[in-house]
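Taking the hints into account, I'd like the entire structure generated from these sequences.
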Amino acid sequence: IWVHPEGIASVFKDGKFTPEAQRVLDRKAALLAVQPLRMNPGAPPPPPVNAGYAGYTFGYNRPLLAERVHDILTAVAFAQQYKDQVSTLHLAGFGKCGPWVALARGLCGTAIARTAVDANQFNFHQIKNMNDEMMLPGAVRYGDLATLAALAAPHELLVHNAKGLDSPWRLDGVYRASGHAAKLRRDDRLWSTAEVVEWLLR
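Heads up: the sequence shown runs through residues 9 to 210, numbered per our numbering.
These aren't lab readings, by the way, just hints derived from the structure by calculation. A portion of the hints provided could be inaccurate.
The calculated lysine-lysine pairs, modelled on DSS-like cross-linking and capped at a C-alpha distance of 25 Å, are [as the list claims (entries may be wrong)]:
#, residue 1, residue 2
1, Lys104, Lys191
2, Lys91, Lys104
3, Lys136, Lys104
Pair ranges (Cβ atoms, derived) [said to hold, decoys possible]:
#, residue 1, residue 2, range
4, His78, Lys21, 21 to 31 Å
5, Lys136, Gly67, 19 to 29 Å
6, Asp34, Gln89, 40 to 50 Å
7, Lys91, Asp174, 16 to 26 Å
8, Leu33, Lys91, 12 to 22 Å
9, Asn58, Arg149, 38 to 48 Å
10, Pro162, Arg70, 38 to 48 Å
11, Lys91, Pro49, 10 to 20 Å
12, Lys36, Gly63, 12 to 22 Å
13, Asp196, Gly60, 32 to 42 Å
14, Gly146, Thr82, 14 to 24 Å
15, Arg35, Asn58, 43 to 53 Å
16, Gln93, Pro53, 31 to 41 Å
17, Gly60, Gln89, 37 to 47 Å
Note that this is a predicted model, so its numbers are computed, not measured. Glycine included, each C-beta is placed from N, C-alpha and C at the ideal position.
So, in structure tokens, the structure goes:
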């Protein structure tokens, strides 16, 4: 399951598969590209957050980030319907979509075997505007991206481009506490698509 900022165009463009997608297909794997909410070209921006009190918006509506995570989870549920054709499901998030995938992974349980996340050097402390597409009320209070990503334990997780990840020791600590420290791979370096595919399909 492939989540990329370019959406479906990252795997199929001008009537043929992109080199990145072809690399997956060459490994005899299937590919499901997900285009979460408002990712299609020309999509209107989300409604603005109430300027007087953000609670009037977030108290009644899911943030855009939560909607996108929900779309990823829907794709996972959809893929599970093909268990007779697909034996193992992996999840990959690229660029700004990486943190979305990190949040979704914690809710997938045993449905996903390996997950590769581009942390995009992001943490929720960076958000300064209520209308930011990454706004998620309570995210900092509950430990920021590192802690939320740790909900993937004890399953295999690759977190790369993680230089800006706040309190990465929390992520490492949860995996150690689960008794599966070896299933976590964290790297400050941005991995290429080829490296991510090789790690997932090894």
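Each hint, compared with the structure:
no. : hint                       : result
1   : Lys104 x Lys191            : holds, 23 Å
2   : Lys91 x Lys104             : violated, 29 Å
3   : Lys136 x Lys104            : holds, 17 Å
4   : His78 x Lys21: 21 to 31 Å  : holds, 27 Å
5   : Lys136 x Gly67: 19 to 29 Å : holds, 21 Å
6   : Asp34 x Gln89: 40 to 50 Å  : violated, 25 Å
7   : Lys91 x Asp174: 16 to 26 Å : violated, 37 Å
8   : Leu33 x Lys91: 12 to 22 Å  : holds, 20 Å
9   : Asn58 x Arg149: 38 to 48 Å : violated, 21 Å
10  : Pro162 x Arg70: 38 to 48 Å : violated, 28 Å
11  : Lys91 x Pro49: 10 to 20 Å  : violated, 33 Å
12  : Lys36 x Gly63: 12 to 22 Å  : violated, 50 Å
13  : Asp196 x Gly60: 32 to 42 Å : holds, 40 Å
14  : Gly146 x Thr82: 14 to 24 Å : holds, 23 Å
15  : Arg35 x Asn58: 43 to 53 Å  : holds, 48 Å
16  : Gln93 x Pro53: 31 to 41 Å  : holds, 38 Å
17  : Gly60 x Gln89: 37 to 47 Å  : holds, 44 Å
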